[in-house]
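Asker: Construct the entire structure; sequences and hints are all you get.
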Amino acid sequence: MSGELDTLFEEWKTRVEKLVREHTLQIITWEATRRCDLHCVHCGSPSEEADHAEELSTEEAGGAFDQIAHDFDLSQFRHINITGGEPFVRRDLFEILERISRWPSFRNTDIQTNGLALAEHPEWLRELKRYGVTGLGISIDGLRDTHDVFRGKAGSFDKAVEAARRAVAEGYVVTVSAVAHARNVDEIPELFAQIKREVNPRVFRVMTLDALGRASSLDDYHLSPEQLRQVLSFLRREYQAGCSDYADPSTTMVELGCGGWLGTDLEGTVRPFIFHCIAGLNNLGILCDGKLGSCSNIPREFIEGDLRRDRIIEVWENRYRRYRDFEWKRTGECSQCDQWDFCHGGPMHKRLACGQVDHCLYLTARKGP
Amino acid sequence: MPQATLAPAERRESPTSAERNERVLLFKRRMLEWRNPVEYVNNMYGCHPGDNNTEYFSAVFGT
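Going down the list, the sequences are from chains A and B. To convert, note that position 51 of the first sequence is 51 in our numbering; the numbers rise steadily by one, no gaps. To convert, note that position 12 of the second sequence is 12 in our numbering; the numbers rise steadily by one, no gaps.
It is worth saying that the hints were derived from the structure and are not from the lab. We treat Cβ as the ideally placed atom computed from N, Cα and C, and that holds for glycine. Just so you know, not all the hints are guaranteed correct.
[Said to hold, decoys possible] Each pair of labels, with its calculated beta carbon distance range:
1. B:GLU55 to A:ARG126: 23 to 29 Å
2. A:ASP6 to B:ARG23: 16 to 22 Å
3. B:SER17 to A:GLU327: 41 to 47 Å
4. A:GLN76 to B:THR63: 43 to 49 Å
5. A:GLU301 to B:GLU55: 50 to 56 Å
6. B:ARG35 to A:ASP248: 36 to 42 Å
7. A:ASP310 to B:THR16: 53 to 59 Å
8. A:HIS39 to B:ARG30: 41 to 47 Å
9. A:PHE326 to B:ARG30: 41 to 47 Å
10. B:ARG23 to A:ASP186: 27 to 33 Å
11. B:THR16 to A:ASP248: 16 to 22 Å
12. B:THR16 to A:LEU352: 42 to 48 Å
13. B:THR16 to A:ALA154: 42 to 48 Å
[Said to hold, decoys possible] Simulated crosslink set (BS3-like; lysine-lysine; CA at most 30 Å straight-line):
14. B:LYS28 to A:LYS196
15. A:LYS13 to A:LYS329
16. B:LYS28 to A:LYS367
17. A:LYS13 to A:LYS367
18. A:LYS329 to A:LYS367
19. A:LYS159 to A:LYS129
20. A:LYS196 to A:LYS159
21. B:LYS28 to A:LYS329
22. B:LYS28 to A:LYS13
23. B:LYS28 to A:LYS18
24. A:LYS129 to A:LYS196
Answerer: Structure follows, in C-alpha cells:
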C-alpha cells in the first residue's frame, strides 16, 4: 500500500471501531420463513433444517417490528432485508409488510426471492411499493440449463429473469445474485452479459459458495483457489471497466457479496465498497422461529436470544459480546494473518462454533491451485 | 516485425489503462473516507446507501 492508503485504512479502521462501540441499529435481517417452493441443490438456508411449526405467527412477526420501533434509537436506520426460504410463500407477508410500513423509520424494505411468485403475480410489484418495498434481490445461479438443474425445476430461469425485468421496469432497485461454485464458475461472465443486456439490474452480485445448509456436504462444489482467482479477475475486470459510470443509477454494478475480506490491496478495486462484516454491529438478525442472531446465515451456535422470551433490545445491548469483541476469533489461520487489524476475522457466517474460519477468501486466493 | 505491430497499440492503450487505474484508486480513497465505514455493506441487499439513498454513489463515483 502507499503511505496515503495506509493512513486512510487506519482512519477507516478507527471508524469501524467507533461503529462497534456504538452499535447503533441500522439494518434488520428478517428470515421470514424457511419454507420454499423450490429445492435448490446448494441452498444455505434449507427448509429441512427448520421446524415450520415454530415459525413466527403474523402477530409475533409484526409485533417484533413494533417492539423495535418502540425501544430502539432508529435515527440511523437504513433498511429491512427480508430473506427465506422463499418469503412469498408466507401468505401473510403483505399483512406484515403493511404493519411494518406504519413506522416511518422502516423505510427501504428489501426482499430476497427466487422470482417465481413475482413472475406469476406481476401485480404484486405495485402492491409491494405501497408498503415501502424499494429493493428486490433475485437469485440466478447460472445460465438457463445450469440454473434450472440447480433449482430442480424447468422454467425457473426464465421466470427469475422475467421477474427481475418487471421489477426493474417498475422502478425497484434490483440485485441479481449468483452463487459461484465449481460447476458454474465458467458461466459467470456470460451470465453477467446476459443479465446486463436483458434485465439491466442495479447490481450483479457474485457470492462464493459457503459451507452452509445443503452446501455443507457439497465438497466438490467449492471453488478451488484457482477458480476463486478466476471469479476475482472477472469482477476486477468488469468493475474497473464500468466503475466510472456507477454514479448513474441506470448502470449495472458488479460486486462480490459478503463472502469476506480480500486484503487491503484488492479491497475497493473489485467491488464498490470496502468490506467489513456488520453482523451484530449494526445488523440484527431475526430468524424464522424468533431466535435472535446477527443475520440469517449465522450458525445456530451464535444465537443470543429469543424474541418469544426476551426483550429484543436487552439482547442487543447485553448479549452480543461475541459479535463485538473480535479477539476470540483470533485463532488458527487468523492468528498470524497480516490482515487481522482490518477484517477482524471476516464474516460471521464463515465462523465455525470452534472458533476457526471456514474458507477465508483472502487466504484461499493466495494458495496454490 | 511483431514489436513494431505491438508498440503502437500499447501506446494507444496505456494512457487509458493508466487513467483507469487512477480512477479506481481515486474511488478507493473516497470509499475509505466515507463517514460510515460500512455504508454500502449496510445496504448491499437494497443498494440505496446514504441519507438520500444515492449520495454514496455520487460522492464516491462522481466526477
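Asker: Does each hint hold? Answer for all of them.
Answerer: Hints and how they fare:
With their beta carbons about 27 Å apart, GLU55 of chain B and ARG126 of chain A fall inside the hinted range of 23 to 29 Å. A beta carbon spacing of about 21 Å between ASP6 of chain A and ARG23 of chain B agrees with the range 16 to 22 Å that was offered as a hint. A hinted range of 41 to 47 Å for the beta carbons of SER17 of chain B and GLU327 of chain A is consistent with their spacing of about 42 Å. Checking the proposed 43 to 49 Å range against GLN76 of chain A and THR63 of chain B shows it is violated: the Cβ atoms sit about 29 Å from each other.
A C-beta distance of roughly 38 Å is found between GLU301 of chain A and GLU55 of chain B, which places it outside the suggested range of 50 to 56 Å. In this structure the hint that ARG35 of chain B and ASP248 of chain A lie 36 to 42 Å apart at CB is violated, the actual value being about 23 Å. A hinted range of 53 to 59 Å for the beta carbons of ASP310 of chain A and THR16 of chain B is consistent with their spacing of about 57 Å. A hinted range of 41 to 47 Å for the beta carbons of HIS39 of chain A and ARG30 of chain B is consistent with their spacing of about 43 Å.
The supplied range of 41 to 47 Å is broken by PHE326 of chain A and ARG30 of chain B, whose beta-carbon atoms lie about 26 Å from each other. For the pair ARG23 of chain B and ASP186 of chain A, the supplied restraint of 27 to 33 Å holds, since their beta-carbon distance comes to about 29 Å. Our hint of 16 to 22 Å for THR16 of chain B and ASP248 of chain A holds, since their Cβ atoms are close to 20 Å apart. Distance hint check: the CB atoms of THR16 of chain B and LEU352 of chain A are about 45 Å apart, consistent with the given range 42 to 48 Å.
Range check, THR16 of chain B to ALA154 of chain A: about 44 Å between beta-carbon atoms, so the 42 to 48 Å window is met. Note on LYS28 of chain B and LYS196 of chain A: the hinted pairing holds, with a Cα-Cα distance of about 24 Å set against a maximum of 30 Å. A distance of roughly 17 Å separates the Cα atoms of LYS13 of chain A and LYS329 of chain A; the hinted pair therefore holds under the 30 Å criterion. Among the hinted pairs, LYS28 of chain B with LYS367 of chain A is consistent with the structure: their alpha-carbon atoms are about 26 Å apart, no more than 30 Å.
Straight-line distance between C-alpha atoms of LYS13 of chain A and LYS367 of chain A comes to about 27 Å, which keeps the hinted pair within the 30 Å bound. With a C-alpha separation of about 21 Å, the suggested pairing of LYS329 of chain A with LYS367 of chain A holds against the 30 Å cut-off. Between LYS159 of chain A and LYS129 of chain A the CA atoms are separated by roughly 21 Å; this keeps the pair inside 30 Å, and the hint holds. Only pairs whose Cα atoms come within 30 Å are accepted, and LYS196 of chain A paired with LYS159 of chain A is accepted, the gap being roughly 16 Å.
Taking the CA atoms of LYS28 of chain B and LYS329 of chain A, the gap is near 28 Å; set against the 30 Å cutoff, the hint holds. Using a Cα cut-off of 30 Å, the hinted pair LYS28 of chain B and LYS13 of chain A holds, with the two alpha carbons roughly 15 Å apart. A hinted pair counts as satisfied when its Cα atoms are at most 30 Å apart, and LYS28 of chain B with LYS18 of chain A qualifies at roughly 21 Å. At roughly 24 Å between alpha-carbon atoms, LYS129 of chain A and LYS196 of chain A fall within 30 Å of each other, so this suggested pair holds.
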